[in-house]
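Participant: As a plain string of letters, each chain reads:
Protein chains: 6
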Amino acid sequence: MSRPGPIEYADASPRVRAVFDDIKRTRNVEDVNNFWKYLAHDPAGLERTWESIKQVMAAGALSPLVKEMLYLAVSVTNGCGYCIASHTASARKAGMTEEMFGELMAVVGMANETNRLANGYRVPIDPMFEK
Amino acid sequence: MSRPGPIEYADASPRVRAVFDDIKRTRNVEDVNNFWKYLAHDPAGLERTWESIKQVMAAGALSPLVKEMLYLAVSVTNGCGYCIASHTASARKAGMTEEMFGELMAVVGMANETNRLANGYRVPIDPMFEK
Amino acid sequence: MSRPGPIEYADASPRVRAVFDDIKRTRNVEDVNNFWKYLAHDPAGLERTWESIKQVMAAGALSPLVKEMLYLAVSVTNGCGYCIASHTASARKAGMTEEMFGELMAVVGMANETNRLANGYRVPIDPMFEK
Amino acid sequence: MSRPGPIEYADASPRVRAVFDDIKRTRNVEDVNNFWKYLAHDPAGLERTWESIKQVMAAGALSPLVKEMLYLAVSVTNGCGYCIASHTASARKAGMTEEMFGELMAVVGMANETNRLANGYRVPIDPMFEK
Amino acid sequence: MSRPGPIEYADASPRVRAVFDDIKRTRNVEDVNNFWKYLAHDPAGLERTWESIKQVMAAGALSPLVKEMLYLAVSVTNGCGYCIASHTASARKAGMTEEMFGELMAVVGMANETNRLANGYRVPIDPMFEK
Amino acid sequence: MSRPGPIEYADASPRVRAVFDDIKRTRNVEDVNNFWKYLAHDPAGLERTWESIKQVMAAGALSPLVKEMLYLAVSVTNGCGYCIASHTASARKAGMTEEMFGELMAVVGMANETNRLANGYRVPIDPMFEK
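Residue numbers (my numbering), protein chains in the order written: chain A, 111 to 241; chain B, 111 to 241; chain C, 111 to 241; chain D, 111 to 241; chain E, 111 to 241; chain F, 111 to 241.
In short, the hints are calculated from the structure, not lab data.
None of the values given here were measured: they were computed from a predicted structure.
Treat the hints with care, since some could be wrong.
A pair counts as met if it fits within one copy or between any two copies, since identical chains are not told apart.
[To be verified] Calculated cross-link-like contacts (lysine to any residue; reagent style SDA-like; alpha-carbon spacing at most 25 Å): (1) Lys164 to Lys203; (2) Lys203 to Pro174; (3) Lys203 to Pro124; (4) Lys241 to Ser123; (5) Lys241 to Glu157; (6) Lys203 to Ser123; (7) Lys241 to Pro124; (8) Lys241 to Arg137; (9) Lys203 to Glu140; (10) Lys241 to Glu161; (11) Lys203 to Ala171; (12) Lys203 to Ile235; (13) Lys241 to Ala169; (14) Lys203 to Pro153; (15) Lys134 to Met210; (16) Lys164 to Ala154; (17) Lys164 to Pro234; (18) Lys203 to Ala169; (19) Lys164 to Arg125; (20) Lys164 to Met238; (21) Lys203 to Leu175; (22) Lys164 to Thr207; (23) Lys241 to Arg125; (24) Lys241 to Ala204; (25) Lys241 to Pro114; (26) Lys134 to Ala204; (27) Lys203 to Ser173; (28) Lys203 to Ala120; (29) Lys203 to Arg135; (30) Lys203 to His151.
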């Protein structure tokens, strides 16, 4: 069994094409990116993941820009190269400036630092935070 | 050597008190929380961490609310119990509603999921994301 | 000191060769993969790691296939590129089909998502799970 | 805003009750566990997460037991206390014996160890794993 | 199947007792700590883990103190509560002063911060580091 | 907005140049490495990070060699490719031999393994470690 490559629209099943079509329509893009072309090897997973992402990333109490920045903060923390690249692009498209990116990175850096300080000093939770 | 406990203001050195005073003034609180009382065992680290946090979390291109939510997203991803408790409180104080928290958690959850899908399917970065 | 490269069989010490021989015999392969050739810079570590892996990955209450899939689930969660590539190959060799891989990835994705939901909502452990 | 507690069935909205009912029916249990009672603060997230979990954890190419063990391997790697407790219980219910648990833990431990050895020795991926 | 508790010496099999005896002799302690009493549910894993730890943590090119501090740095980064508690104790026993602990924590904090800055800025590796 | 590249000295603002000059002077190197050239997109972050690193990594109760090895242990645990490459180089420059590196890796590997064993077996903290 060789390593599976991307599934292009031309080679996709009707079930996969339906998802690709909805992604292209929703995002107003000409082609889906590699993430979806690889996930297409699991059509049920492709449908489920896209439906969830579409619902979660839509404007709500938080703007799409804030949501993309949260997504990026998680991806940077986890060190996921693909996700950092794709969500930096999405965040910029949603309005993130270079200055905002710099501030986001500063917060992500500090949070990763102080998370470990709290771990290592075994700081007990203040009673007021439990309420 | 017994396990170090919190250093209270009354027992703190002038150097530590100066930092505690600045935290109380900047945040308009009556006492600093446990994180600072434990970190006070390393006065140089206490000063450095507070100066950095004060600079990083101040309003800039991103609002304090967005910064607190980014901090929380990282803390949830890392599973730092103390940090989740304290930054949930800070984010609420900065204006995070329960609905915003729900959306933040949904984004953090999806990002942690798709980060692993990208890893496991070994998705190559689309050339357009490298530009 | 330059960056250490792989140690090939021809250049290996008798101690390293003995481990390489046992890996080749046990796995019925013609050459060991890069992981072992790099670890060979620490002969004691090479021996210890191989002995542990050989014992842990052997058939027992769990089949080699299930063990390889567990290994892959951990590697995907940690984002270790080398380990994802090598253990995807091992799992396939042990019988993992593309459909099984798709389901494994779906579980790994959901677990990484709900791990963070449990963290962020600070869900207390149900008493029945403590018993 | 005080810290949200669990939402019990008696206090739940019809939308949340519908999900709770489906969980109880599907799993044949008398009450849902805390995870769902906390997630109920975000009804859309509750619905989406339950629908995904129900689909992902159902028998398929992998058995429910193998899926629960994969879930546990991820939760142990991430150090999620709640998830370790609840999925150890689920895996046992699905048939995991103490011997199987011991072997699972051994694999999870070794994978976490060798993931770092591969990182630190900067092992390049063997060409055969790229095919 | 109820949740397994610690296996005390009085209730242990000869195989487990042999390991406990060796731990007590090697470390010159009266009883083994909880980690070993729980791991004793998997006698093969207990033997293997103890043999590895004994070999790895012995004085070599690095002193036991440096090794304990490295162990602690990893445990703090991973947020393992048990391991932070036990290895802080071991490091102190091996000579770690409070000042050394403060510096260790400062390094661990900075490393966790700059790891994410390198991720997020997608910094390419300098050619001189590849040599 | 295209992806930001490195900021070279010739193109840097006076504020950035001042930091680059201090790095070169402090480390006695002819040019700063890529990490600083990318971080230079956020001049305030560049200044803050360099000041912190300079303070944290200076000789104190722990030697620069031990500090570099702790940095490396964290970077290997997090799987940060850039940081592993750059801090392996720094540690070697500070005196780490190949034998010391081998022992460091063995400790990092064991710590990552036993961190998960402690998680999965849900080992309670021994009372003596709480004191």
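Participant: Look at each hint and say if it fits the structure.
Facilitator: Results for each hint:
no. : hint             : result
1   : Lys164 to Lys203 : within (16 Å within a copy, 29 Å between copies)
2   : Lys203 to Pro174 : both (10 Å within a copy, 22 Å between copies)
3   : Lys203 to Pro124 : neither (30 Å within a copy, 31 Å between copies)
4   : Lys241 to Ser123 : between (52 Å within a copy, 24 Å between copies)
5   : Lys241 to Glu157 : neither (40 Å within a copy, 27 Å between copies)
6   : Lys203 to Ser123 : neither (30 Å within a copy, 27 Å between copies)
7   : Lys241 to Pro124 : neither (52 Å within a copy, 27 Å between copies)
8   : Lys241 to Arg137 : between (41 Å within a copy, 20 Å between copies)
9   : Lys203 to Glu140 : within (15 Å within a copy, 38 Å between copies)
10  : Lys241 to Glu161 : neither (35 Å within a copy, 28 Å between copies)
11  : Lys203 to Ala171 : both (20 Å within a copy, 17 Å between copies)
12  : Lys203 to Ile235 : between (39 Å within a copy, 17 Å between copies)
13  : Lys241 to Ala169 : neither (30 Å within a copy, 27 Å between copies)
14  : Lys203 to Pro153 : between (28 Å within a copy, 24 Å between copies)
15  : Lys134 to Met210 : neither (28 Å within a copy, 27 Å between copies)
16  : Lys164 to Ala154 : both (15 Å within a copy, 13 Å between copies)
17  : Lys164 to Pro234 : between (39 Å within a copy, 22 Å between copies)
18  : Lys203 to Ala169 : both (15 Å within a copy, 23 Å between copies)
19  : Lys164 to Arg125 : both (17 Å within a copy, 21 Å between copies)
20  : Lys164 to Met238 : between (37 Å within a copy, 22 Å between copies)
21  : Lys203 to Leu175 : both (9 Å within a copy, 21 Å between copies)
22  : Lys164 to Thr207 : both (24 Å within a copy, 22 Å between copies)
23  : Lys241 to Arg125 : neither (48 Å within a copy, 27 Å between copies)
24  : Lys241 to Ala204 : between (36 Å within a copy, 17 Å between copies)
25  : Lys241 to Pro114 : between (50 Å within a copy, 9 Å between copies)
26  : Lys134 to Ala204 : within (16 Å within a copy, 37 Å between copies)
27  : Lys203 to Ser173 : both (13 Å within a copy, 19 Å between copies)
28  : Lys203 to Ala120 : neither (27 Å within a copy, 30 Å between copies)
29  : Lys203 to Arg135 : within (16 Å within a copy, 39 Å between copies)
30  : Lys203 to His151 : between (28 Å within a copy, 19 Å between copies)
Hint compliance for this structure: hints 3, 5, 6, 7, 10, 13, 15, 23 and 28 are broken, all remaining hints hold.
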